[in-house]
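Let chain D serve as the given structure and place chains C and P on it in line with the hints.
So you can see what is in the structure, the chains are spelled out below.
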Amino acid sequence: MIYYLLRRLVGAVAVLFGVVTGTFVLSHVVPSCPACAVAGVRAGPAQIAAAAHSLGLDRPVWEQYVTYISGLARGDFGISYASRQEIGPAILTYLPATLELVVYSFIVYAVLGVGLGLVWAWRGNRPESWIIRLFSMLGTALPVFWFAMVLQLWLGSTLGWFPITGRLDMDPPPTITGFYTIDALAAGNLDAFGNAVWHLALPVTALVMWLFAVATRLTQKSVVEEMQMPYVRTAIAKGAGTRRVLLGHVLRNAINPVITMLGLQFGWLLGGTVLVEVVFSWPGIGTYMFNALQTFDFPAIMAVTVVITLGFVIVNLIVDLIYPVVDPRIRLT
Amino acid sequence: MIGTTVCAVDGLTVAYHSGGEWLKAVREVSFEVCSGEILAIVGETGSGKSTTATAMIRMLPRNGRVVSGRVSFDGRDLLALSTGEMRRLRGQDIAYVPQQPMSAFNPTMTVGRQVAEPLVIHRGMSQREAAPLAAKRLREMGIHEVERVMRAYPHELSGGMLQRAMIATAMICQPRLLILDEPTSALDVTIQRQILSLIKEVQVGYHLAVVLISHDLTVVSQVADRILVLYGGRAAEIGPTLDITTRSRHPYTRGLLRSTLTGTLEHKAKLTSLAGYPPNPLEVDREPGCPFRPRCHREIAECAVAFPPLEGEPGHLWACYDPEPIS
Amino acid sequence: MAAPALGRVEARRMDLGRALKWWPLLLIGVWVVIIALPGLIAPQNPLTLNLGNTLAPPSGSNFFGTDEAGRDLWSRCVWGVRYSLGISIVIVVSAAVIGTLIGGLAGLLRGPIDTLLMRTTDVFLAFPYLILAIAIASAVGPGLTTVVVALTAVWWPGYARMVRGQVLALKELAFVEGARAAGTSTPMILIRHLLPHLLPQLSARVSMDVGYAVLALTGLSFLGLGAQPPTPELGAIIADARSHLLVAWWYTTLPGLFVLAAVLSAMVVNDWLEGRNKGELSR
Numbered sequence: 011m012i013y014y015l016l017r018r019l020v021g022a023v024a025v026l027f028g029v030v031t032g033t034f035v036l037s038h039v040v041p042s043c044p045a046c047a048v049a050g051v052r053a054g055p056a057q058i059a060a061a062a063h064s065l066g067l068d069r070p071v072w073e074q075y076v077t078y079i080s081g082l083a084r085g086d087f088g089i090s091y092a093s094r095q096e097i098g099p100a101i102l103t104y105l106p107a108t109l110e111l112v113v114y115s116f117i118v119y120a121v122l123g124v125g126l127g128l129v130w131a132w133r134g135n136r137p138e139s140w141i142i143r144l145f146s147m148l149g150t151a152l153p154v155f156w157f158a159m160v161l162q163l164w165l166g167s168t169l170g171w172f173p174i175t176g177r178l179d180m181d182p183p184p185t186i187t188g189f190y191t192i193d194a195l196a197a198g199n200l201d202a203f204g205n206a207v208w209h210l211a212l213p214v215t216a217l218v219m220w221l222f223a224v225a226t227r228l229t230q231k232s233v234v235e236e237m238q239m240p241y242v243r244t245a246i247a248k249g250a251g252t253r254r255v256l257l258g259h260v261l262r263n264a265i266n267p268v269i270t271m272l273g274l275q276f277g278w279l280l281g282g283t284v285l286v287e288v289v290f291s292w293p294g295i296g297t298y299m300f301n302a303l304q305t306f307d308f309p310a311i312m313a314v315t316v317v318i319t320l321g322f323v324i325v326n327l328i329v330d331l332i333y334p335v336v337d338p339r340i341r342l343t
Numbered sequence: 129m130i131g132t133t134v135c136a137v138d139g140l141t142v143a144y145h146s147g148g149e150w151l152k153a154v155r156e157v158s159f160e161v162c163s164g165e166i167l168a169i170v171g172e173t174g175s176g177k178s179t180t181a182t183a184m185i186r187m188l189p190r191n192g193r194v195v196s197g198r199v200s201f202d203g204r205d206l207l208a209l210s211t212g213e214m215r216r217l218r219g220q221d222i223a224y225v226p227q228q229p230m231s232a233f234n235p236t237m238t239v240g241r242q243v244a245e246p247l248v249i250h251r252g253m254s255q256r257e258a259a260p261l262a263a264k265r266l267r268e269m270g271i272h273e274v275e276r277v278m279r280a281y282p283h284e285l286s287g288g289m290l291q292r293a294m295i296a297t298a299m300i301c302q303p304r305l306l307i308l309d310e311p312t313s314a315l316d317v318t319i320q321r322q323i324l325s326l327i328k329e330v331q332v333g334y335h336l337a338v339v340l341i342s343h344d345l346t347v348v349s350q351v352a353d354r355i356l357v358l359y360g361g362r363a364a365e366i367g368p369t370l371d372i373t374t375r376s377r378h379p380y381t382r383g384l385l386r387s388t389l390t391g392t393l394e395h396k397a398k399l400t401s402l403a404g405y406p407p408n409p410l411e412v413d414r415e416p417g418c419p420f421r422p423r424c425h426r427e428i429a430e431c432a433v434a435f436p437p438l439e440g441e442p443g444h445l446w447a448c449y450d451p452e453p454i455s
Numbered sequence: 083m084a085a086p087a088l089g090r091v092e093a094r095r096m097d098l099g100r101a102l103k104w105w106p107l108l109l110i111g112v113w114v115v116i117i118a119l120p121g122l123i124a125p126q127n128p129l130t131l132n133l134g135n136t137l138a139p140p141s142g143s144n145f146f147g148t149d150e151a152g153r154d155l156w157s158r159c160v161w162g163v164r165y166s167l168g169i170s171i172v173i174v175v176s177a178a179v180i181g182t183l184i185g186g187l188a189g190l191l192r193g194p195i196d197t198l199l200m201r202t203t204d205v206f207l208a209f210p211y212l213i214l215a216i217a218i219a220s221a222v223g224p225g226l227t228t229v230v231v232a233l234t235a236v237w238w239p240g241y242a243r244m245v246r247g248q249v250l251a252l253k254e255l256a257f258v259e260g261a262r263a264a265g266t267s268t269p270m271i272l273i274r275h276l277l278p279h280l281l282p283q284l285s286a287r288v289s290m291d292v293g294y295a296v297l298a299l300t301g302l303s304f305l306g307l308g309a310q311p312p313t314p315e316l317g318a319i320i321a322d323a324r325s326h327l328l329v330a331w332w333y334t335t336l337p338g339l340f341v342l343a344a345v346l347s348a349m350v351v352n353d354w355l356e357g358r359n360k361g362e363l364s365r
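Chains as they are written, first to last, in our numbering: chain D, 11 to 343; chain C, 129 to 455; chain P, 83 to 365.
Hints in this document: simulated from the structure, not taken from any laboratory. Any given hint could be a false lead.
Quick list of simulated restraints, FRET-style, between CB atoms [claimed, not checked]: (1) D/Y75 - P/V115: 50 to 58 Å; (2) D/V336 - P/L131: 55 to 63 Å; (3) P/L131 - D/L102: 30 to 38 Å.
Listing some non-contacts, in silico: residues in chain D with all C-beta distances to chain P over 10 Å [to be verified]: (4) E73; (5) T77; (6) E138; (7) T319.
Glycine included, every Cβ here is placed at the ideal spot set by N, Cα and C.
Isolated chain D (complex conformation):
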C-alpha cells in the first residue's frame, strides 16, 4: 500500500515539474521583451539593459531555470509586467474567491451527479430516467461561458431573481478562511451569509450544469453493472429495501470509477471556473488570469497556470488516497 502511495506521489511531483518546466520553456520561447515591459514604454537601451539585469535575464538559461524553480518553491512567482507588483501576494488575495466557488461547485456537482446517476440506474426506463438523460446530454453540450451569460441575463437581469455580478453586496465579514459563507456564519452574520449564497447561486449552477452529466452517466453505468452482481439478490432475499440495496451495498462497490472520474473532471472544473469568473466578474484567479491575458502579462499567466496545476495535482492525490478507504479490495493488493 505504501508503494502505491509513493508511486502516486512521485507521479504528482512529475506532473508539477513538467508543468513548471513547460511554462519556463514557453516563457523563453515568447518573442517578447520582458525587460522592455518592465522598463516602461519610454525606456532607452540602457534602462532596458538595466531592467534585464535586474530581472536576471542576462544570466545563462539554466541558471534562470534554477532561480525560477527555487523561487516557485518559496512561493515567489516573480513580478507582473502590468502592475509591477509581486504576483504571489496578488494571487493570494484572489485565491479565496476562486476556492469558494470551486469547492461549492464540486460538492454540488458530485452529489447531484452521483444522485441523479443512482436515480437513473434504479428507475431504468421510466420517464425520470429519460429526463435525466436529456438534461445530461444538454448539459455537456453547453458552452459554459454562454450558459453563465444566459443565466445572468434571464434569471439575473430579466427576472431579477439573482444578482448579476460579484460576491457580496455588503462589507465582507472578518476574514478567517476567505470563504464569505463560512466567515459570515462564524461571525454570526446571517445577512451576509444569505447574500453570499445568493451570489454563489448562478455561477455554481453554470459550472454544475456543465459538469454533472459525466458523473451521472458514469454512476448510472457503474451502478447498473453492479446490480447484476449476485450479492444484490442476497440482500433482497434478506428483506432489504431499495434504499438499503442501493446505498448500503451497490454504491460502495460502484463508486470506484466514479471517484476517479471526479478527480479528473476537477481539471474541467478549473478551466470552466476561469470562464465563469470572467462572466460574473467574480474576483478570483480566473479574472486575474483574464486581465493578465488582456495585457499579455506573461509571468502572471504562467503563475496562475502553475497554481491551478498545483490545485489539480493535489486534488487527484487526495482522490488516490481516498480509494483504499472506500474499497477494501484495493487495501489488500
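Using the frame of chain D, we list chains C and P on its own:
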C-alpha cells in the same frame, strides 16, 4: 417428527419473456412442505427447480412472471401480498440461501456485518447490538474462529465457511421456512457432507420446514425426507425419499438413479446415462404430451396426446402412463 | 394473470427504429451543407457594417437581429459555426493522426520509447486542458492558428493512449506476426494492417471530441485568444455580446444555440457510431 404444513404451492406456473416470446419454465407444479421435514426439489438444468424457488419468494428476474398458481404461507397467498409485506417476510419468516456462497456475499463488506444484516433490517437493531447474535449463530453453524470470520472479507474465507455463514445469515431471525438453492454444488465432496449434516441439524434443532434444491439426487437423498423430481418444468414424481430411491416409478427418476452411484441399487447394476438432452422450453410448450418422450424407452400411444396426470399411492405420486414396475 | 404475447405496437416500434437508425447521416449532411455552402441559408454578408441599424432585435430581415456594428447576427452565426466546426474537425483529426502514430508505434515497439511516451502522455492527460491551451496560446500570441496548435497539442495524448492500448491487444493476433515474417516495416504494419481495426473506435471518439473541441475553441475565443475581429467566431461573438448583455438579449442568447446545435450533433453522431461499433462487436 413432521408437523403442520408451513408452505403449500398449488398449480404454480411461471413464464419468462425471452426473445419476444413467453416461455413457461414451470408448469402447474404443486407440493407442500411441513415443519420438521426436508423436501428436496431435484431436476436437471432448465427443469424449473430454481425458478420455482425464486417464484415462491417473488424474486423472479424482471422478465419473469407468475402466470397462475398460489403459494400459501401462514394461510396467506404470498403471490397476492404487497411488496412491503413480502419484504417483511423475506429474511425473517422465509429465508433463502442463494447459489454459490462465494459470490453471494458483498465483497466490500465484512462477513460479520452481512450476517447481522437481517437483524438490522427487521428488528431495527444497530450493527453493534446485532453483532453478538451474529457471532453466536456463526458458532452454532460450526465456525470456530468466530472473531476472525466476523471481521473477514468474503474473499478471505473458504467456500465451506462462507456457506456456513450464509446459513447463519438465513437463520438469524429464526425463520419457519428455509429454502436452499444448490447449497452443495460449488463445494467439494467432503465439505458437501458437512454442509448437508449441518442443514439436517438446523432443521431438526429449529423444527424448520426446509426446501432443498439440487440437481444431484444422490446427494439430497442423504438428508431429504421427501423428494420432488421435476422435468421440463413439470412434476415427474414426488414421494418419500425411500420410495423415490428404491421404488421409483417414473422412467426419468429411474434413469437418474441408474446414472449415479448409489448404494441402494443392486451392486451388479450398471451405470447407464440417460440418452438425449434436457428439453427446450419452447418445444415443450408447442408439443402436447409428455416432454420426456424423446428419451423414454417406455413410450406408449397416450404419451403423445397429453401430459400424464399425477397419480399413484397416497404420499407417492408420479406422472406417467406407463410407469416402471417395482423391481 | 395472463402472459401477453408480443403486440403489434411493439412490432411497429421496431420498424420505425430501424428506419430512424440512419438519421445521424442526415444530420451530418445538413452540417456539410452549412459548412460548404453557407450562402445558402445566410445570404447576408457577415462582415457588412450597417451603422444605421445597430443592436436591432430579431426581425424578418435579420433573423437573429444585429450586433453593435449593424452586422446581421444570423449570418455571423452561420459563418461562425462554420469556423468552429471546421477548425474543430481539423484539430481533432490532427490530434487523432498524431496520437495514432505515436501511440501505435509505442505499442508496437515497446521498450524505453514506449515508457517515455506513456509518461509524457500521462503528464499531458493529467492536466486541465483549458488551462494548458490558455498557457500555450498566450505564449504564442492570439489567432486561429495558435488555438489550433494549442488544442491539438492538448488532445493528441488521449488518442495515443487509446491506440496504444488497442495495438497492444491486436498485435498478439496472427496476422501481425505474418506481416512481420513477410518483412513489413513497423510503420507499414501500423498503417496497412492495424488501422482498419482501429478505425471504428477512432471515428467514434473523433466524433465525440469534435463536440468538445467546439466548446474548447469557443471558450478560448471568448477569452480573446482565438480568432481576431472582425472574423466571426461564435466564442468571440458571445464575448462581444457581454458589453450589451442587458440591452440586446438576442446577441447573447442566440449564438450560443448554434454552438449547442453543433455539439449536440456531434454527440448524436457519436452515439450512432458507438451503437454501430457495438453491433459489429456482437457479431
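Hint by hint, here is what the structure shows:
no.	hint	verdict
1	D/Y75 - P/V115: 50 to 58 Å	holds, 52 Å
2	D/V336 - P/L131: 55 to 63 Å	holds, 60 Å
3	P/L131 - D/L102: 30 to 38 Å	violated, 45 Å
4	E73	holds, 21 Å
5	T77	holds, 20 Å
6	E138	holds, 20 Å
7	T319	violated, 7 Å
Hint check: violations occur at hints 3 and 7; the rest are consistent with the structure.
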